[in-house]
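With these hints in hand, go ahead and build the complete structure from the sequences.
Chains B and L are the protein sequences, given in the same order. Heads up: the first sequence begins at 1 in the numbering used here, then just goes up one per residue. Heads up: the second sequence begins at 1001 in the numbering used here, then just goes up one per residue.
Do not rely on the hints blindly, as some may be mistaken.
Under 7 Å between C-beta atoms, here's a sample of chain L residues computed to sit facing chain B [to be verified]:
| no. | residue |
| --- | --- |
| 1 | V1002 |
| 2 | L1041 |
| 3 | P1061 |
| 4 | R1165 |
These are computed hints drawn from the structure, not numbers from a lab. Note that the structure is predicted; figures quoted are calculated from it, not measured. For every residue, glycine included, the Cβ atom is placed at its ideal position computed from N, Cα and C.
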Amino acid sequence: MSEPNVLMNNPELAGDTSEQDLIARVQRGQHELFYELVRPYERRVYAAALAILRNEADAEDVAQEAVLKALANIRQFRAESRFSTWLIQITVNEALMRRRRQRTRVVESIDDHHDEEGEYRPRDFADWREIPSEALERKEVRQKLAEALGSLDRKYREVFMLRDMEQLNIQETAETLGISIASVKTRLLRARLMLRDLLASGWEQGWFSRSPAGKGNKPW
Amino acid sequence: MVVTCEQVWREISSYLEGETEPALRAAMEDHFQSCQACASLLAGTRNVVALYRDERMIEVPAGFGRRLEKKIAEGVRGGRAGWSTWSAWLVPVAALVLIGGGIRLANSLTSNSPVKSQLAELGHDIPPDMPVVVSVATRTFHVAGCDFIHNKDTVRTMKASEAIREGYVPCVRCMRKYLSVAGRPTGLDAEAITADEALKEGDGD
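What follows is the structure in structure tokens.
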């Protein structure tokens, strides 16, 4: 059951775990340390792939491919960017390429042209009470949040995922998706407002009815 | 400065990013004091961001980490680490060389300039942050507006360092100054230019 853990099992490396040091070691050829470098971000890698592909098997496959690609290119990594950002960008590129292979170009380009023109008017202005972060302990709440995100058009979902879940900055998000900074900002605004409305109406539908924050008050 | 609710809706995301100008930010803050609906909108939007930023929102399939570690171990054993530096460059360059014909290659092999070292240095001096346009179809990258961008429907914009990392090859026209050794075109560059021209002619449009 227990997996080999190079870092833990190697006294020479214990206590010398900074990311920069790990990167330097892997770049110098200690490739067996690469998983230790990736491990803190493996969930984010998977989430990025899943947000684009929306299929767990494909997402895992692409996540593995992306990590191997990062390993193959580790000597190209430069410290001016964060390793996590670099890894996520590789993952997104891999996922986008996989999706392009799965879809016809015609469908993609039509989809892309339905852009975010026109203002989004928020629908729900109910009062809020508290940040329901403890609600995330419950699987069904996480599921509902994931469903709400999944219900967004992909152009909004991808921007939101990169900026708010993967925490790339606006420019990195634009570069990763190959769109303008202005488009990122517009899509991010809509994604956030749409999610807020979706979750507010979900509250009314009882998504979070067993939450301690219940009793009919929306937490937002 | 006074803002309307509609203006607040348009700017609320930038407000959360801390990107609104000071005057607008102050006006929005005044507005939140007096408009319960917009104050609620702000709180709700902020909560949405906080919820989705939480690590617990990311769930991976059981055994995902174990399988990933195994895959990496296989990749390391298979010698995959570091392979792409050479292969990513050599495959498209070799294709260009083949299109251009073998005669000049033979000449360059017998010349004083060693081909391998030039390949290794190709594009070495391109500023890593320079924005370039990559053509997915031809696996090349260009400065914006280069006349030799083929299949324009497959282009993307990224930094030169990313293009190189992803295995794209610099256009021998618009990137020419970076492909020269000591300021003059090498035998390989001359070869690749011929290949690029051949490619353009082959495109037909």
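Evaluated hints:
1. V1002: violated, 19 Å
2. L1041: holds, 6 Å
3. P1061: holds, 6 Å
4. R1165: holds, 4 Å
The earlier numbered hint that this structure contradicts is number 1, and it is the only one.
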